[in-house]
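Novice: Listed here are the chains, written in short residue letters.
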Amino acid sequence: MFFGLSPEQQDYQRALRDFFRSSSTSQDVRRLTGDERGYDETAWRRMAGDLGVQGLDIPEQYGGSGASFIELAIALEEAGYALGGGPLFASSVLASTCLQRSGDTRAMAEHLPGIASGQKIATLAVADDNGAWDPAAFSGLKARHDGRDYVLSGTKSYVLDAHVADVILVMAQTEDGSAIFAVNSPARGLRQTRLPLLDQTRRMSRLEFSEVPGRLVGAPGAAERVVTRTLLTAAVALGAEQVGGIRRCLEMAVEYAKIRVQFNRPIGGFQAVKHMCADIYALMETARSAVLYGAWCVAHDTSDLAAVAHLTKAYCSEAYYKAAADNIQLHGGIGFTWEHDCHLFFKRATASLQYLGSPRFHRELLAQAINL
Amino acid sequence: MDLTYTPADEAFRARVKEFIARHVPGGWRGCGALDRSAYDAWAEDWRKALLEAGWLAPAWPKEYGGGALSVSEQSILSEELTKAGLPQSPRPNDGLGFSLLGPTLLAWGTPEQRKHFLGRTLSGEIRWAQGYSEPDAGSDLFSLRTRAVLGGGEWVIDGAKTWQTAGMYANWIFLLARTDPAAEKAKGLSFLLVPVDQPGVEVRPIKNMAGLTEFASFTFTGARTAASNLVGGENNGVRVALTLLGFERGVGGVSAAAAYAIELDRLIELARHHGYNSDPVIRQRISACWSKVQIIRYLGQRALSAGIGGQPPGPESSIIKMYGAEYHKEITELAMDIAGTAGIAPSGALSASSLGADPLGVDPLSTSSWSTVFLLARAGTIYGGSSEIQRNTIAEQILGLPREPRVPIPVGR
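Heads up: the sequence lines are chains W and X, in that order. Each residue of the first sequence is one higher than the one before, starting from 0 at the first, in numbering that gives the first Met the number 0. Each residue of the second sequence is one higher than the one before, starting from 0 at the first, in numbering that gives the first Met the number 0.
Misleading hints may appear alongside valid ones.
What the hints assert, rightly or not - Calculated pairs, DSBU-like style, for lysine-lysine (alpha carbon to alpha carbon, straight line, at most 35 Å):
#	chain 1	residue 1	chain 2	residue 2
1	W	K346	X	K320
2	X	K16	X	K61
3	W	K257	X	K328
4	W	K257	X	K186
These aren't lab readings, by the way, just hints derived from the structure by calculation. Keep in mind the model is a prediction, meaning the values are calculated, not measured.
Using the sequences plus the hints, can you model the full thing?
Specialist: Structure follows, in structure tokens:
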């Protein structure tokens, strides 16, 4: 029974912290919100080359380091702390997991090495315009046989980092059931519209497909299962990012409470402030516990994965939101300004709470998972 | 991360399960299904079985009748007993003796003290109460004022203690008393063992708001104990007491989570009975509770992991009590919401409730049980370090925020 990070994992964590501290400063984050691609190519390459992050949860035979989802979760926490990491979530969580879960070794061999090295950016397009996250209800895209290949028509939305993706995995309906397709991007017939986001540290697009060629990944009829499983992994991965965000908010709040003086003493000495900080600490450590356990479940494909993933998404989302909201409150007036960083985390927390399904949605799925 | 147990630990778990199977009566549904008199009739034999297995005081060395179990074995024993609805501390004073006083004597006691007290605690001949809190010293424990003065080879004790769990059954009390009035607060306290059956000790039951007398208060008026009943040296009481509170860290979390899981299963049965398992709002609240029970289990596993590895307690140790207590209020409130109006006119069997979740076997439809545990849950965020004190401690000691301003003791107090 060992519930924690090994010394090697802690060393790696330290290296990741150093990397993000130097490559994803507050100034970097703000600058990139105005950047067309939205991430720093040099930092992205360093993250792959020096730290092997993109390939952590990809087997060695496909160019990854063959570590595990737990190492990826460690990296995601640091990315969340720094609001950095570029297309890491889209490529190494969503697309990579979908490919691996499809069992399509041809597709895995085609795409995973590039994803692992960072040279290829991939993403997953499953949600429809209605923004719902139930794989049984995804319906906006249809696939039609065109000779040997398929062509795809319809729309998908809320697609993370689609504008920089080289390959987009989509879920579409065929006459044989729902299926996953790999779509090269850019492509004729594929029209992308960037969505202006509340959280400007992320980038999402709406995609319109007009007879766009797509290559089948896995078997028709299997997509719902594969996408469901992918979204469970993604829920835990997002939780890891959210824990990093909580940690950052706690640090900011505590640091401010120690230096801001009112009524002749640092405001951190007042119990109202102290107790809010203590509550954020408790949220952080409980959320972290859920993410670590969830990461174990993902890595070992345990029978309780679905319940754990749903609880993790709901819990970490609400915990991050509270931490980010209280961080603003604890900063007083300056917490409300554009220049201060509080709003960056509050907006990330707000968006992450809805992305991949709200806490309410996930708690209902959890109720189903425990046969309530 | 490795959430598996070693083969040796799994073999131990199998031994515990086999022991349980051998010792539970036929048709066993958990001790929560027994009423008071049935429990009393059965508990003595069960206690004897545990004692013979060395599992009544599982952490004690074998030479004192304990099981010398490792940290993981202690956790497994506790967990399996909880899941089977079997009390690990069958008699009200057992927990205090085995988990609190015993380890203190093992760490700080003289050979004579260990020889005299440990065996008698194990047999139940000596039944302990814990004498820390006072009417004027709760959260501010170290301001306590019970005095002990050495004279004629005896300590003479004057003062008052309150909130002694199972105090009315105790024949001995271990207490903190001020032995150096000139020393500030925590520095002048000593740890004493005091016999209760003497003229100078008066015990009064405290009736809690659930109508149960689980606690007592003690008044000491010229009470006496032999000088040899001082533990750990004069004016060293706080260090002795804090050792006691630190003992067996990491052991109880997993079984506490198991107890909460049993309680939640019972709540789900109540909800199903009323058809509330299909109510969307109730489903959300049950899911939220299920999530928190899992998180309590993860915190318990983290603590166990630290204990097994011989690590100092981690962050989980500062939040586990607070989190569990606040959860318990949440789930008992949910139970009352599901019970609805019927819950305000309680009926049904009442098992031997105490602080914490009711054990396996309690009737899920008994509003007497739910309303009792609902009332008792109000105390969970108060005793053992109130949630407000826990937050202060986290903020000051972990986050490094400024400590509370010190208020000087008023002149003439």
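Novice: Now, for every hint given, state plainly whether the structure supports it.
Specialist: Going through the hints against the structure:
| no. | hint | result |
| --- | --- | --- |
| 1 | W:K346 - X:K320 | holds, 32 Å |
| 2 | X:K16 - X:K61 | holds, 21 Å |
| 3 | W:K257 - X:K328 | holds, 33 Å |
| 4 | W:K257 - X:K186 | holds, 30 Å |
Every hint from the earlier list agrees with this structure, and none is contradicted.
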